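Hey, can you piece these two chains together into the complex? The hints should help.
These protein sequence lines map, in sequence, to chains L and F.
Just remember that our numbering sits 10 ahead of the position in the first sequence, which is counted from 1.
Just remember that our numbering sits 2 ahead of the position in the second sequence, which is counted from 1.
Simulated from the structure, these hints should not be mistaken for lab results.
It cannot be assumed that every hint is accurate.
Interface residues of chain L toward chain F, partial, derived using beta-carbon atoms under 10 Å [said to hold, decoys possible]:
id: 1; residue: 26
id: 2; residue: 53
id: 3; residue: 89
id: 4; residue: 93
id: 5; residue: 195
id: 6; residue: 228
Since the model is a prediction, treat every value here as computed from it, not as a measurement.
Where a beta carbon is used, it is the ideal one built from N, C-alpha and C, also for glycine.
Below are the chains, spelled out letter by letter.
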Amino acid sequence: MLFPNIYDVVMSLGRITPSGVSLLGTAFLLNVPGNLVTAAHVVNNDDNGLVVIVNDMKNLYDYQDTTETQIHYLSAKITKINPLTDICIIEIDQKVASNLKISGFDSICVGEQITLFGFPHADHGRRVLTQQDTEIGAKILINTNGIKTKHVVLNIQSRPGQSGSPIISKKDLSLIGMLIGSYAPTNSSGSISIGGIDPQTLHQTTQAISAEYIAEMFI
Amino acid sequence: MIDFQDLFIFEPDSWIEALPNYQRVTVASLYEISNDYESVASAWISASPSNTVQYGAQKKDNIFLNRICDELELFLSEDIKYEKEVLELKKYKTVVQLVVVSAISGFLSPYLGVTAVFLAPVIAILLASITKIGVQAWLSQRKEKKIE
Numbered sequence: 011m012l013f014p015n016i017y018d019v020v021m022s023l024g025r026i027t028p029s030g031v032s033l034l035g036t037a038f039l040l041n042v043p044g045n046l047v048t049a050a051h052v053v054n055n056d057d058n059g060l061v062v063i064v065n066d067m068k069n070l071y072d073y074q075d076t077t078e079t080q081i082h083y084l085s086a087k088i089t090k091i092n093p094l095t096d097i098c099i100i101e102i103d104q105k106v107a108s109n110l111k112i113s114g115f116d117s118i119c120v121g122e123q124i125t126l127f128g129f130p131h132a133d134h135g136r137r138v139l140t141q142q143d144t145e146i147g148a149k150i151l152i153n154t155n156g157i158k159t160k161h162v163v164l165n166i167q168s169r170p171g172q173s174g175s176p177i178i179s180k181k182d183l184s185l186i187g188m189l190i191g192s193y194a195p196t197n198s199s200g201s202i203s204i205g206g207i208d209p210q211t212l213h214q215t216t217q218a219i220s221a222e223y224i225a226e227m228f229i
Numbered sequence: 003m004i005d006f007q008d009l010f011i012f013e014p015d016s017w018i019e020a021l022p023n024y025q026r027v028t029v030a031s032l033y034e035i036s037n038d039y040e041s042v043a044s045a046w047i048s049a050s051p052s053n054t055v056q057y058g059a060q061k062k063d064n065i066f067l068n069r070i071c072d073e074l075e076l077f078l079s080e081d082i083k084y085e086k087e088v089l090e091l092k093k094y095k096t097v098v099q100l101v102v103v104s105a106i107s108g109f110l111s112p113y114l115g116v117t118a119v120f121l122a123p124v125i126a127i128l129l130a131s132i133t134k135i136g137v138q139a140w141l142s143q144r145k146e147k148k149i150e
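Isolated chain F (complex conformation) (with noise of 0.2 Å):
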């Protein structure tokens, strides 16, 4: 049985490394060019080629960082919306970063109106991010910032 600190023992890149190939490759780019993990997030979700007009027959909607940070906040601080998800998640032996993006990106998938596989490489960065301050650390500036 795992507990969440045994999430943020690993080297944050480590999140990305376990992302397929063609995912990796992209997080990997937008890294070099912010080397902040929030605007590579931010970058992933708002992407849109310049000065383009999108032939998709129905409007496109946007998803905002910040509403997935809320869901993947009420997640780690095992909220009661998550009870069940927490429980599936801490029976794993241990470890393997790829299944736990996977994993929790298919919980919040289905609050946020995206597929888990769009999600997953947002869920790898903020799991990347949260390892360099610690999880305990990314709760309290969670809800400073909400006090704010």
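Chain L extracted, bound-state conformation (with noise of 0.2 Å):
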């Protein structure tokens, strides 16, 4: 399935530094203007210097030039965010929206087909807009602090910036939710980093949040 125009919604997050701008993650364009969502701990909680990256491609399925360093942005701002489901709504200074209907996990099957899109090792300063296509592993509740919600997992493997990638249903186009990180056990005896990659997230266990409590943010 090709989305050529998805360049023109989900877009790559910065933060203005004295040494530049820093790539936090991925957030993408809802259908209310000017307004973008992404994952809360993208920005931790800060909009100081907080900017929107516009894409400078003109179809998805051209070459990204890896070596480009010029940017253009948008400055933005935080207007609703809530840590316990970890979703941020932003705000542009530019009526732009996109045409996603926002649905969410109730209605969508076990071994469904999904599309997502995100800017994966944008740690590294890697701002490279990649597709990828896989399935709904299983339907999981996740406890945050006490609180129960509803998320995903995708059978696929994540890296860091990747969160706050729309994941779309492939059956009717319609954004049933959003990355948020992978599964690691936190009760095993710490974790440890080789070349910056904890080995514990080197599976195929990408956890998602449901569309609906975006939607719930706007009621």
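Here it is, written out as structure tokens:
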């Protein structure tokens, strides 16, 4: 399935620092003008110097120049945030919107095909809008400080920078969720890092939260 | 013109009711679990899904509840650091709780390195907590804790 214009919807987030713009993760336009959504942990609850980086490409399926260092960005402000669902709404001063219809995980089945778009390896400064196709591996409830919320397991490996990626159902092209990270046991005897990678994250158990919690923030 | 004492004549829960719906529901759910305002505030600022490594590209900094309490204490003590902001709040003719929560969150957020919209539920929870015991008692408690 092709999404040639998705570059107008899915963008990377950055923060202006004295040494330039540091990449933070992925965000995408909602069907509310000027509003994007990302994972709350991506912005670290702080919108000082927060920017949305505009994609320069004309088609997702063209070559993306990884040597390009010039970027265009728009200032962004956090307007809604819920750390318990890990969802953050940010606003830019442009009345642009996507046509993504927000649904959730209630109506999807395990095994259903999905597509996601994000910026893997943004922690290394890499800004490549990447499409991944996979299926729902499981529907799960995750506990956050005593509150259980609806998530899914996606049968694919993901990397830092992909938090905030939209999960799109191939069945009806609706927005069903947003990537927040991957499974990693916290009750083991501490994690180690080899070359900046935690071996406990080298698996295909990516986790995403239901988009219904995004819709709830606009009620 | 309002006085700080005027802020604490309401029902404690009314501070939570002043929050936007999505935050109010979450705070109320957290309160049902612990029945303790301080635990709710701590859960809000330290929320993290269990057994999950998050894929933001930058390391997450944690803010501590005590730091927020320190700043709120300075504000409610009318410390010189918040002289202008205290005057600004006192200019209001009546207490509208949503406005008070937003204003105090906005005043404190630059010193705490977090956005006001993230801070607002914590301020509402702390104001609810202070309402229960009274502002002077809360300020005295804070001073006593520091001496200990």
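So, going through the hints one by one against the coordinates:
no., hint, result
1, 26, "violated (13 Å)"
2, 53, "holds (8 Å)"
3, 89, "holds (6 Å)"
4, 93, "holds (4 Å)"
5, 195, "holds (6 Å)"
6, 228, "holds (8 Å)"
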